[in-house]
Each structure stands twice: as C-alpha cells, then as structure tokens.
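Protein chains in written order, with my numbering: chain A, 1 to 286; chain B, 1 to 286.
To be clear, the hints were calculated from the coordinates, so they are not data collected in a lab. The reader is advised that the hints may include incorrect statements.
[Claimed, not checked] List of simulated lysine to any residue pairs, SDA-like, C-alpha gap at most 25 Å: (1) A:Lys243 - B:Lys215; (2) A:Lys215 - B:Thr284; (3) B:Lys261 - A:Ser206; (4) A:Lys29 - A:Leu76; (5) A:Lys215 - B:Val177.
2 protein chains.
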Amino acid sequence: MRENFDIHEFNITIIGLGLLGGSYAKSLKKLSPKNIWAVDIDEKALKDGEELGVINKGYRDPKEPLLNSDMVIICLYPNLVKKFIKDNKDYFRPNTIITDATGIKNGLIDDINSMLPEDVDFVFGHPMAGREKKGLEYSSAEVFEGANYILTPNSRNKETSLLIVELIVRGMGFRNVVRVDPQKHDEIISFTSQLPHAIAVALINSDNLNVNTGKFIGDSYRELTRIANINAELWSELFIGNKDNLISKIEVFEEKMKLIKQAIIDDDKEALEREFKESSRRRTQL
Amino acid sequence: MRENFDIHEFNITIIGLGLLGGSYAKSLKKLSPKNIWAVDIDEKALKDGEELGVINKGYRDPKEPLLNSDMVIICLYPNLVKKFIKDNKDYFRPNTIITDATGIKNGLIDDINSMLPEDVDFVFGHPMAGREKKGLEYSSAEVFEGANYILTPNSRNKETSLLIVELIVRGMGFRNVVRVDPQKHDEIISFTSQLPHAIAVALINSDNLNVNTGKFIGDSYRELTRIANINAELWSELFIGNKDNLISKIEVFEEKMKLIKQAIIDDDKEALEREFKESSRRRTQL
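Bound-form chain A, shown alone (with noise of 0.2 Å):
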C-alpha cells in the first residue's frame, strides 16, 4: 500500500493529449506533480505541448512513462482503453494508480480488472464536462472548474486509491465529486448526457423552415443545440456502447412528448400548467 501520498512526488502520464488529455495536463500543473507526460501517436500534439509548457515531456512509446509513473490517466476514445491495457499491462509499477475518463462503464470494468497486474489499482471515472472541440488547442483548466466527477468503485479498489483520485481530482477544480455503482453510472449518464445530446441533434435536424433560421431564435434554441456540434465518431461510440439505457431513457421522453401533444391537440389548458408546473418545480429544485 502505498503510504504519505504527496501529490509533488508524483508522476502522472496522460495517455492521449487532446482535448480532454490536455485539460487534464493543463488542471493538473495546478497542483504541482512531480512530472506531468503524455503519450500520443501525435507527434505534434506532444511538442506542442512540451513547448507550451503543458507538459515535462511526451512520448509516443507508452512504455518509458509507464515504467516510472506514479498515476496514469486514459483519455483515449472508449473503444481504445481496453487495448490500451492489454498492450502495456506489463509496464505499469506496483502501486501505480491508473484512471480514466470514459463515459460509459459497460463491459469495461471486468474486462480490464482481469487483465491486470495485482498490485495495479484501476479507479474508473468520468469528468462531467468537455467541449465539443477536438485537440489539445482547444483544451483548458478551466473546462472542469465547478464540474461534476462521478467515481465508479469496483470491488477491486482500495480506498486510498479512490481517496487519491478524489483528492486530485477537486484539486483540479471539480466541485462534486460522487461515488455510484458502474450500472447505475451508465442509466444516469444515458438521461443526462447522451438523451440531451439526442435530442439536440434531433432538434437541429428537424429544421425544414427554409429561413435563415439564426435570425429567429432566442436563448433557448441556441442552448438547445449548442451541443449539437458534436463529436461523431465519439458519440456513436457512446451511445451504442450504451444503448440499452439509452433506448430506455429516449422512449421515457418520448411517452413526455407524447403528453405535451394529446394536450395541446385536446386544447388542455390544464393539463399543460400541470406538466408545466412540474417542470419548473423540478429545474428550480437541480
């Protein structure tokens, strides 16, 4: 076990320094770890971010950092952790502290629990914030400043790894860090992340006025489909990583849409205020 965590002695690789990678860097440096690397197959990424400081150095060899690093935290895309691991599972020192930022934790936590050394302790997470920008150019501390972070315990972590983990992690700016089980993770994460982007794509796809429609709109539909400038390749990945939830948690808005509509067909004043009062009950309550 590991004894007199100091946050000045470690070395930290990230795996991946795009944007959420170099966020991550970038929230890090705060705390003043010993070493912050990077691996990427990105030559420039990694200069870049060598020569903004970002980052001590990069490598697109994993296995030099990994032999001597303290923590490693993953921000591949989701379908890309699980290789990751099984090719570099022998470099990983005792004690080290491996992370990640996956949206969905299906099918992955066994999977890379049985491929790893003992005395290697993976604390899966998932950072409540990002942009819909790709590369480390768009990356910032201040993307998590105030976010949430869900931690996703599995029966194989310690509790000085999770209690490490959350330390840095609100010592990078998240404000609420919580801890729930992976399944229940994934349901949460299909309503209030992957059914909102959904839809907002849904939204600024149904558009058939044939107007320039930015000159019609408030605050709302700017909002609404703020986020559908999406990342394609890593939300399809998302969603049909996790589609039994999704589905779920589409046909439970469906059924709320459905209502809206009977109501307003049936001129049902009341019933609207009704759904419109519960609404606002609940906004007022988040």
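We have chain A already, so just place chain B on it with the hints.
Okay, now just chain B, sitting in the frame of chain A:
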C-alpha cells in the same frame, strides 16, 4: 403622416409593467424619449416603477396616457391584447403607433386591425428574448442586448411606422431586425421557440433516476433544461394558440428522434455519424 420623427418628443406608454414591460421601459430610457408612462392593474408595480425611475408616471386607467401618447407598447399576455384594444380604441390619438410583443400572431392581426381607427397604426412585433421569471423586479435592459427582433408587417402598416419601430428597437439593443409575414412568423416560432420549450419540459419530466440528478449533470443537461422553469399560464396559451404549427413541428422532431433510436437499436454507427455530421454542420452555420 408623421413627419420629422424625433424620439425626444415621443410619449411612450407601456401596457403591462411586468418582466417584459419593465425591460422595455429600462431599455427605452437609453433613448431618452419625452416620457415613459405605464399602465397596469398592479398599483405596486406602478409605484415601484416610478420610485426606481423606470417610468415617469404610472396609471391604472389607460385613458389619460393614451390620449397623449405617440407610441403604445402592449406587453400583456396574448389572450388580453384584443380585449385591451377593444376597450381602449377610442383613446388613441391620431398617428399613434401601437406595437406588441405577442409570441403568436395568428388570429390577432385581422381582429385588431378591424377594430382600430384608420389613423392608428399597429405594427406587430416579437422580441426574441425573455426570462422565465415574472414581475418588474426581474426586468432589465440587458435582456434585449444583441437579441433578434421580428417584425410582422401587414397591408395596413405604413412604412414610416415600421421604420420607427425598427429604429426604436435597435436603439433598445436588438441587433437583428427581420421582417416576415405573420403566418410564416408563427410557423418559425413554433420551431425556434415553442418546440424547444416543449422538449425542455419533457426532458426534465422524464427523469426517473431516483438520484440527486444535479450531482450527475454537465453543461448539456443544465442548458437543455433551463427553460423548463416556465411561466405555465403564458406558455400554455402560446402552445394552444399555435397548435397546428407546433404539432407539425413536434411530429417532425419525433421522426428525427425515431431515426436516432433505430440507428442505436441496429448498432448502425454510420447512420448515427451521418446525423451527427449533419447536426454539426447546421449548428456551425447557425
């Protein structure tokens, strides 16, 4: 016809000194009209308006200010606009320009025009900005800053009246002022304003997670539900008053949601990516 338009010689009366009327008064002040008067049944709103210097004088009875006004701005709930004109049509002085802020124009314009004296010109307009709160205390000049404004001219309008309203709303802070015929306005607004409100309400009302949802959300859910805190009376009027347009837009949206749902069911990553790329293209162009 009015000649030599000079805002500093204009007496302007606002009918209804709530959030919207108060925001009009505060924005109009920047233009230094001769007088800003207000009519309301709420004695307290009038007194507060006078004490805060938002208006020059408040009236419960519209007769006196109307007899002396160059411009009248009606900031009432949609269902009250016609009644106000019917009850007060004899008090408008010649060349008065009336305008409104009503969110739907169908069934309003012809009825009102048929009641008005020939020398009074009603320029129907729609400020695409607002807040979900009620009352003068939440009003502010900033609400309209940079926002869109829609004019819906009809055959009875004089070009000078349309230009004067455009000049004044631009002076109040609106950035884009577009003209569109009233039928098209109602269709556009069902999509850009009413549909987003229906979606936000349906989304938050479909929360069946049984957790403290606020701890598990990012900006996307926060943004998509802000307008779910909604003025129940006003929006049920707007929905039912624009029912044919709104139902049709809800149905197009429902089809797009179904398409996304089916792609998830079919593990059809390509179909999802196609939708995401289209939505991203549209959002970037907005």
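Tested hints:
Restraint check: the Cα-Cα separation between lysine 243 (chain A) and lysine 215 (chain B) comes to about 23 Å, which is no more than 25 Å; the hinted pair holds. A distance of roughly 14 Å separates the Cα atoms of lysine 215 (chain A) and threonine 284 (chain B); the hinted pair therefore holds under the 25 Å criterion. Of the supplied pair hints, the one linking lysine 261 (chain B) and serine 206 (chain A) holds, its CA atoms being roughly 15 Å apart against a limit of 25 Å. For the given pair, lysine 29 (chain A) sits about 20 Å from leucine 76 (chain A) by alpha-carbon distance, which is consistent with the 25 Å threshold.
Taken as a hint, the lysine 215 (chain A) and valine 177 (chain B) pair is honoured in the structure, with Cα atoms around 8 Å apart against an allowance of 25 Å.
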